[in-house]
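Novice: Now for the letters of each chain:
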Amino acid sequence: MIAAQGMTLPVTDQASLDTLRSDLRTWLAANKPQGWRDITDHKAFAESQRQWFLKLVEAGYAVPHWPAEWPGGGRGLTEQKVIYEELAAADAPRLLLSFLSTYHAYATLHECANAEQKARYLPAILEGETWCQGFSEPGAGSDLAGIKCKAERVSRPEGDVYVVNGQKVWSTMAQYADMCLLLVRTSTEKAKQAGITYLLMDMKTPGVTVRPIEQIQGDEEFAEIFLDNVEVPVSQRVGEEGAGWAVAQATLSSERGLTLLELSNRMHSALARVSELIRAHGHGDDRGVLRDFGALVTQVDAVCALADRFLENRIAGIERVGDASIVKNAYSRALRAYSALGVRLGGIAEQYRAPITFGDLNTGNWMADFMNSYAWTIAGGSEEIQRNIIAERMLEMPREPKGWTL
Amino acid sequence: MIAAQGMTLPVTDQASLDTLRSDLRTWLAANKPQGWRDITDHKAFAESQRQWFLKLVEAGYAVPHWPAEWPGGGRGLTEQKVIYEELAAADAPRLLLSFLSTYHAYATLHECANAEQKARYLPAILEGETWCQGFSEPGAGSDLAGIKCKAERVSRPEGDVYVVNGQKVWSTMAQYADMCLLLVRTSTEKAKQAGITYLLMDMKTPGVTVRPIEQIQGDEEFAEIFLDNVEVPVSQRVGEEGAGWAVAQATLSSERGLTLLELSNRMHSALARVSELIRAHGHGDDRGVLRDFGALVTQVDAVCALADRFLENRIAGIERVGDASIVKNAYSRALRAYSALGVRLGGIAEQYRAPITFGDLNTGNWMADFMNSYAWTIAGGSEEIQRNIIAERMLEMPREPKGWTL
Amino acid sequence: MIELSELRDSATKAFPAGAILPNREESWQLAAEMGWLLVDLPEDLGGLGLGRDAAGAIVQELGKVLCTAPLIPALLALRGLASAPDFDGKAELIERICGGEYVPLNMLSAKVSANGTTLSGTVSGLFDADMAGQVLVGSSEGYHLVDLAAPGVQLVERPLWDESRKLYDLELNGAEARLIAGGNQSAILHDEIARTAHVLVAADSLGGASATLDLTVEYLKVRKQFDRPLAMFQALKHRCADLRIALTVAEALYEARAAAADSAPVVDLGAMKGLATDTYRLITEDAIQLHGGIGLTQEYPVHHYMKRAMLNLQLCGSLDHWREQAGRAALAA
Amino acid sequence: MIELSELRDSATKAFPAGAILPNREESWQLAAEMGWLLVDLPEDLGGLGLGRDAAGAIVQELGKVLCTAPLIPALLALRGLASAPDFDGKAELIERICGGEYVPLNMLSAKVSANGTTLSGTVSGLFDADMAGQVLVGSSEGYHLVDLAAPGVQLVERPLWDESRKLYDLELNGAEARLIAGGNQSAILHDEIARTAHVLVAADSLGGASATLDLTVEYLKVRKQFDRPLAMFQALKHRCADLRIALTVAEALYEARAAAADSAPVVDLGAMKGLATDTYRLITEDAIQLHGGIGLTQEYPVHHYMKRAMLNLQLCGSLDHWREQAGRAALAA
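For the record, the sequence lines run as chains A, B, C and D. Each residue of the first sequence is one higher than the last, beginning at 4 in our numbering. Each residue of the second sequence is one higher than the last, beginning at 4 in our numbering. Each residue of the third sequence is one higher than the last, beginning at 87 in our numbering. Each residue of the fourth sequence is one higher than the last, beginning at 87 in our numbering.
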């Protein structure tokens with residue numbers, strides 16, 4: 004069993020959960036952004052995200068998972084689940100831009116940073132300071148321990164710095180970020196993991212260049228970060244030099260369950276889009292199409308149940324190794340099936356390129372949704388990596404020997 | 004390119020092919036066995052197979068692939084193809100019992116045996132002497148080089164013998180065989196392949212026990228052979244001691260293309276059974292069922308085309324490494340799809356156990372056909388082994404290092 | 087209240103893992119002694135009133151060992167009798183059944199016509215009717231109790247590929263039958279029984295699927311080829327992982343719907359049963375392939391699971407049927 | 087007679103592997119200069135009369151580099167004109183087309199109505215109509231030549247996900263149109279054109295699928311993770327092997343049916359095209375997954391193949407359509 008992190012708060016009683024739900028529902032009816040699905044410019048989308056986050060902060064719904072000392076914090080997982088369910092039900096925008104800040108950056112700072120770092124960075128998150136993650140590199144996709152981005156410690160009159168050179172990829176919305184959670188290699192002599200150091204980098208530091216990645220469906224959700232003699236003060240290091248691998252684990256384990264519950268629920272609501280398609284194309288009396296739709300509906304229902312159970316198990320502290328991998332793969336395959344059925348039933352109409360909706364995975368632009376679905380089978384530990392985890396850690400099938408190279 | 008073995012005869016002209024076809028068709032109309040699908044006793048089936056083979060020998064259609072010096076021999080692959088096509092079209096029984104004798108035993112004897120062995124065994128095949136193959140062992144499925152069946156050379160007054168102890172499995176119709184192509188281990192000191200020796204064993208030798216394998220669909224197509232201090236004269240060895248691996252290659256490469264062409268054609272004819280099922284269950288206006296049937300029809304059509312092309316390439320001498328693996332996997336997956344669709348469309352009726360037909364893979368007893376289809380995804384080098392061959396030898400993806408063990 | 091895990095534990099203790107195909111009569115006796123027939127029965131009828139998911143928890147464990155005793159058909163008949171309007175002898179009959187008298191409900195279609203108090207036609211899908219003195223027949227004519235010793239009643243065994251169960255047709259030829267629910271009440275009974283049926287067939291399937299996957303993974307760990315355990319080959323590992331995912335997904339839907347079965351639309355339960363049985367099929371189909379040759383032999387157990395999965399796919403509505411119904415329901419939503 | 091392999095070689099020389107998305111105008115020019123428009127045209131009309139499979143051989147090679155020039159629509163129009171009854175200027179028009187004047191046939195449905203010699207409505211699926219002076223419109227009204235400069239004629243570009251091609255709708259508003267085949271002759275033309283269309287769309291798909299698989303296997307050989315090339319991971323090897331099998335199966339059906347296309351039932355060719363395009367979809371869909379993140383970037387080529395595959399699936403009848411037709415035909419056989 005994995006102990007649930009920071010989730011030891013008592014389960015809240017039903018009455019206060021109901022109150023939370025109805026309050027939020029009322030608030031959302033009055034405050035949820037309109038027209039966000041029609042935004043066609045990515046910068047404008049980022050700005051709408053920033054505004055929406057600040058609005059949620061103000062209302063006390065942005066960081067329910069933070070401790071009670073923070074405004075809106077101190078809520079247990081059960082309450083967090085209610086909040087995500089209501090946001091999904093209201094078709095409010097997902098929190099893409101701030102997500103990394105309030106989960107990954109927060110968890111890293113909260114668990115591993117020193118007092119000074121916490122004081123500087125945690126309150127700023129609630130004021131809109133935005134973080135990105137500089138972990139993945141070209142050539143080291145799922146093999147995080149293989150990163151090459153090099154940092155050399157150099158003395159400067161104002162204090163030692165790390166001079167960083169290298170490249171990071173797949174950094175979510177890094178083009179809008181103020182700060183970066185950066186993994187660098189400070190030693191190539193030790194074991195791969197032992198040479199990694201964790202830095203907090205200001206994105207405005209000279210030598211930092213960000214280039215949005217043009218995605219195949221026309222989105223710009225990710226960026227590359229080029230680092231050319233970037234000087235990061237040693238005071239910006241989290242943990243000791245060479246201890247970055249352990250800090251990174253805190254970053255990476257900060258979230259999984261709530262997002263997939265939210266996304267599953269949103270996909271469930273979006274099954275209505277398939278119904279519309281079936282009606283619009285006159286497939287309503289095609290028994291094969293009805294069966295295919297029925298199979299999809301049941302698959303999505305099952306993924307919702309799975310995501311819910313996963314979170315319940317987390318709440319109950321009985322999560323097992325590999326559970327998160329199962330939820331991720333099950334969700335991502337349902338997402339692929341959802342979009343593939345839409346592409347198929349939509350016929351030629353789906354091959355005409357239409358504007359995409361930023362920040363949603365089930366938009367009814369079926370080709371865009373199809374391409375977007377790869378983000379979940381590839382990013383965040385590819386489907387293949389998850390299968391390895393399930394086979395080796397859950398089914399206890401033997402690993403391949405480590406030293407096994409060509 | 005692999006050179007086609009013993010298939011260098013000139014392509015026969017169209018006119019004589021047409022004559023062959025029409026002669027055989029006439030002959031089959033008069034001579035093909037009736038009622039073979041209704042045989043319910045396996046022994047009776049074996050006997051019907053024996054009779055059918057002898058009838059074909061007499062008519063000159065049994066061993067077209069043997070050299071011209073043999074009656075009915077000297078036919079090129081193109082002619083052989085015509086013969087198989089006509090046998091399939093007439094729904095004549097497949098030659099299961101004699102198959103191993105006329106292909107595997109023949110090729111082994113023809114290519115690797117000494118003059119005395121050839122004289123003793125080749126003519127006997129045409130008189131009905133039946134061979135089985137003792138290669139596979141429990142615990143060494145697809146890993147043929149890993150066989151353990153032990154043979155020790157011992158002096159006897161009447162000449163040296165090998166004393167054989169061990170077990171063989173998956174030996175096709177060994178319970179009816181007179182002779183056995185036997186792979187044994189004569190040394191454990193050398194490399195795995197180098198310790199293997201090839202023997203011709205009389206199945207009536209003391210110490211040989213044959214036990215038919217009860218298969219999950221109720222067939223008894225295979226048997227286990229138990230060898231308990233079986234003495235095989237050294238004169239019955241093919242090739243040198245320790246040279247059995249190379250001889251086994253001759254056995255194993257004796258056939259592939261014709262059988263799969265025949266089986267594909269038979270499956271194609273048997274698509275009519277699916278049509279019957281669709282009509283009988285009133286699915287004729289279910290567009291989903293029609294699409295699923297159409298997809299199957301096209302898959303089977305494609306496998307027929309593939310098997311045909313494979314044989315044409317063999318005839319033309321332009322077969323490539325891996326081609327045979329592709330045909331095998333493509334056929335076996337079509338066979339699975341064929342039977343699975345039948346099981347599905349037949350509904351509950353297919354779950355009632357009904358008598359099976361021996362010697363056919365597309366019988367319309369859908370559950371039996373479904374179970375039978377595994378014979379092709381598992382036997383003769385499993386599907387997984389074929390994928391390895393395709394990936395490594397055709398796509399030239401790297402092999403796993405040999406010394407790689409737990 | 088008794089936790090589901092306690093029920094599971096008691097079932098596993100009575101039918102330990104790996105001891106497959108236990109003797110039918112002994113199993114039936116044991117099931118009755120364990121009180122498992124009482125689990126889903128309302129308390130006012132002398133039952134434990136623990137609900138469908140409680141019965142499901144037991145059935146799921148028994149599915150792992152390919153239980154040969156007809157617990158499901160008996161629980162369905164009980165559910166039907168319990169939901170029926172009161173009739174003379176109802177309480178006594180229920181009590182006798184709970185004590186171990188076997189009365190099954192048919193799990194396949196009944197093509198019968200009523201004439202006065204008699205029925206004629208064929209009732210399919212009666213499991214282990216050779217153990218029964220009477221049966222509950224559900225058909226479009228309503229729900230009837232039929233005494234198997236009555237004139238015009240004949241049992242015909244229908245041998246199955248699934249060797250873990252015995253199935254009978256009931257041929258009725260003007261046989262006396264006691265109507266316990268007709269018309270609107272029949273529809274109510276139908277839905278009540280269907281809810282239980284889908285939960286229990288799904289439970290049996292998921293138990294069997296889980297046991298099959300365990301069996302397969304264990305086999306791959308033990309079996310060596312090319313000097314390594316098969317379980318070290320990544321292609322096989324990934325397939326096992328995918329099977330594990332499929333199983334966990336189906337289990338999650340089962341648990342959610344079984345817990346809410348009393349109020350769930352029948353179509354939701356039917357679709358859930360469809361997914362569970364299809365997952366059983368998927369896992370057993372690939373399990374045989376992953377085993378290689380040994381999986382094709384009668385003496386190795388894996389084929390029994392495959393055959394049971396194939397039969398489960400057809401019980402109480404096929405996969406195709408429930409997929410179509412689920413699609414129609416979602417389209418109408 | 088020229089061998090197919092010679093045509094393939096010349097195509098590969100003109101459009102070498104890896105140089106994807108060549109300039110459209112230059113490609114068109116080159117195709118015309120190579121005489122590829124003559125390949126399938128009967129000899130009595132000045133063509134080479136090499137048949138549909140010869141044209142297919144060229145198109146298959148061009149599919150590998152995501153050819154941007156509209157060879158297929160031009161060959162379809164040529165096939166239509168060649169099969170049409172004689173009309174004034176037929177020979178000259180064919181000659182001009184073979185010389186490089188682009189006249190396409192629509193590859194999606196035309197919803198038009200005729201009024202005397204004029205047409206009104208919308209014609210979909212005209213590739214690269216911006217390069218054309220006139221087009222051949224196939225509809226239920228027959229086959230018409232339409233001058234794009236005529237009054238009541240308007241081209242509307244329909245941007246595609248597939249960036250390798252440009253597609254237009256033709257809006258007709260009482261536009262003059264010259265009927266070249268109607269009634270029974272229209273049906274004959276339709277089948278003649280359909281045979282060519284299925285062969286060529288299938289050829290393009292199989293060329294693209296083959297290039298995608300090559301690209302993917304090469305990438306896996308080069309790309310390392312956990313200190314080994316990805317191509318050494320057995321799970322990925324087996325997936326590539328399965329893709330190779332699927333490709334070879336589809337190629338075999340293509341070759342058999344393309345060679346016999348002149349006499350094959352249209353449904354057989356449609357089903358073959360369905361398999362080819364679905365195989366293209368299958369391979370490109372998994373190719374992106376096998377590439378990982380880089381496959382999701384606009385600058386890496388693999389997505390272009392996937393998008394082209396998706397469009398090909400819809401051209402000249404969808405996969406669902408042809409599967410259903412194949413099922414109906416087999417059921418009626």
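Source of the hints: derived by calculation from the structure; they are not laboratory data. Model, not experiment: these values are computed from the prediction. Treat the hints with caution; some may be incorrect.
[Said to hold, decoys possible] Derived pair list, reagent style DSS-like, types lysine-lysine, alpha-carbon separation capped at 25 Å:
| hint | chain 1 | residue 1 | chain 2 | residue 2 |
| --- | --- | --- | --- | --- |
| 1 | B | 151 | B | 193 |
| 2 | C | 310 | B | 193 |
| 3 | B | 195 | C | 307 |
| 4 | A | 193 | A | 121 |
| 5 | D | 307 | A | 195 |
| 6 | D | 197 | D | 252 |
| 7 | B | 195 | B | 121 |
| 8 | D | 197 | A | 153 |
| 9 | B | 153 | B | 195 |
| 10 | B | 153 | B | 193 |
| 11 | B | 207 | B | 121 |
| 12 | A | 46 | A | 153 |
| 13 | B | 58 | B | 35 |
| 14 | C | 252 | C | 197 |
| 15 | A | 151 | D | 252 |
| 16 | A | 207 | A | 153 |
| 17 | C | 197 | B | 195 |
| 18 | B | 121 | B | 193 |
| 19 | B | 58 | B | 121 |
| 20 | B | 151 | C | 307 |
| 21 | B | 207 | B | 46 |
| 22 | A | 151 | D | 307 |
| 23 | B | 151 | C | 310 |
| 24 | D | 310 | A | 195 |
| 25 | B | 153 | C | 310 |
| 26 | B | 153 | B | 207 |
| 27 | D | 310 | A | 193 |
Novice: Hints first: check each against the structure and report whether it holds.
Specialist: Comparing the hints with the structure gives:
no., hint, verdict
1, 151(B) / 193(B), "13 Å, holds"
2, 310(C) / 193(B), "20 Å, holds"
3, 195(B) / 307(C), "23 Å, holds"
4, 193(A) / 121(A), "30 Å, violated"
5, 307(D) / 195(A), "23 Å, holds"
6, 197(D) / 252(D), "20 Å, holds"
7, 195(B) / 121(B), "28 Å, violated"
8, 197(D) / 153(A), "62 Å, violated"
9, 153(B) / 195(B), "13 Å, holds"
10, 153(B) / 193(B), "14 Å, holds"
11, 207(B) / 121(B), "20 Å, holds"
12, 46(A) / 153(A), "31 Å, violated"
13, 58(B) / 35(B), "9 Å, holds"
14, 252(C) / 197(C), "20 Å, holds"
15, 151(A) / 252(D), "42 Å, violated"
16, 207(A) / 153(A), "19 Å, holds"
17, 197(C) / 195(B), "64 Å, violated"
18, 121(B) / 193(B), "30 Å, violated"
19, 58(B) / 121(B), "23 Å, holds"
20, 151(B) / 307(C), "21 Å, holds"
21, 207(B) / 46(B), "18 Å, holds"
22, 151(A) / 307(D), "21 Å, holds"
23, 151(B) / 310(C), "13 Å, holds"
24, 310(D) / 195(A), "15 Å, holds"
25, 153(B) / 310(C), "19 Å, holds"
26, 153(B) / 207(B), "19 Å, holds"
27, 310(D) / 193(A), "20 Å, holds"
Figure legend: structure checked against the earlier numbered hints; hints not met, in rising order: 4, 7, 8, 12, 15, 17, 18.
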